[in-house]
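Undergrad: Sequence:
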Amino acid sequence: MSLLCLRSAVFPRQRNFRSFLYSTTMAQMLEANRLANEKSPYLLQHANNPVDWYPWGNEAFEKARSEGKLIFLSIGYSTCHWCHVMERESFE
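Per this note's numbering, the sequence shown starts with residue 2, numbered consecutively.
Mixed in with the good hints, there may be bad ones.
As the list claims (entries may be wrong) - Between beta-carbon pairs, the in silico distance windows are: (1) Glu93 x Leu71: 18 to 26 Å; (2) Tyr78 x Gly58: 27 to 35 Å; (3) Arg89 x Arg66: 28 to 36 Å; (4) Val86 x Asn59: 16 to 24 Å; (5) Ser67 x Arg89: 25 to 33 Å; (6) Pro42 x Met87: 14 to 22 Å; (7) Trp57 x Met87: 25 to 33 Å; (8) Ser67 x Glu90: 27 to 35 Å; (9) Ser67 x Pro42: 15 to 23 Å.
What the hints contain is simulated information worked out from the structure, not anything from laboratory work.
Beta carbons: idealized from backbone N, C-alpha and C, even for Gly.
Kindly produce the complete structure, drawing on both the sequences and the hints.
TA: Next comes the structure, spelled out in structure tokens:
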């Protein structure tokens with residue numbers, strides 16, 4: 002799975018989407034990034050990162066093109082230890 006980011010944003014800081022769901026109010030849940038609507042368990046793990054992630058697709062590419070921004074591509078998987086270290090140190 003891959004994630005695309007066009008810009009940073011501020012979102013609640015929780016470890017994973019499941020803990021986010023059980024530990025936040027409805028108002029806080031509405032602040033999740035657009036990955037909260039994805040079906041992939043991996044993408045859902047990043048639904049509450051303080052990063053404005055886009056899933057791989059035309060929406061991300063069109064937005065980057067229209068705003069003249071570069072795309073930051075993050076590739077990882079759920080059981081990758083170093084992927085989780087990078088998430089904590091870089092995205093939270």
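Undergrad: Run every hint past the structure and note whether it holds.
TA: Each hint tested on the structure:
no., hint, verdict
1, Glu93 x Leu71: 18 to 26 Å, "holds (22 Å)"
2, Tyr78 x Gly58: 27 to 35 Å, "violated (19 Å)"
3, Arg89 x Arg66: 28 to 36 Å, "holds (31 Å)"
4, Val86 x Asn59: 16 to 24 Å, "violated (31 Å)"
5, Ser67 x Arg89: 25 to 33 Å, "holds (32 Å)"
6, Pro42 x Met87: 14 to 22 Å, "holds (18 Å)"
7, Trp57 x Met87: 25 to 33 Å, "violated (18 Å)"
8, Ser67 x Glu90: 27 to 35 Å, "holds (31 Å)"
9, Ser67 x Pro42: 15 to 23 Å, "violated (31 Å)"
Of the numbered hints given earlier, the model fails hints 2, 4, 7 and 9; all others are met.
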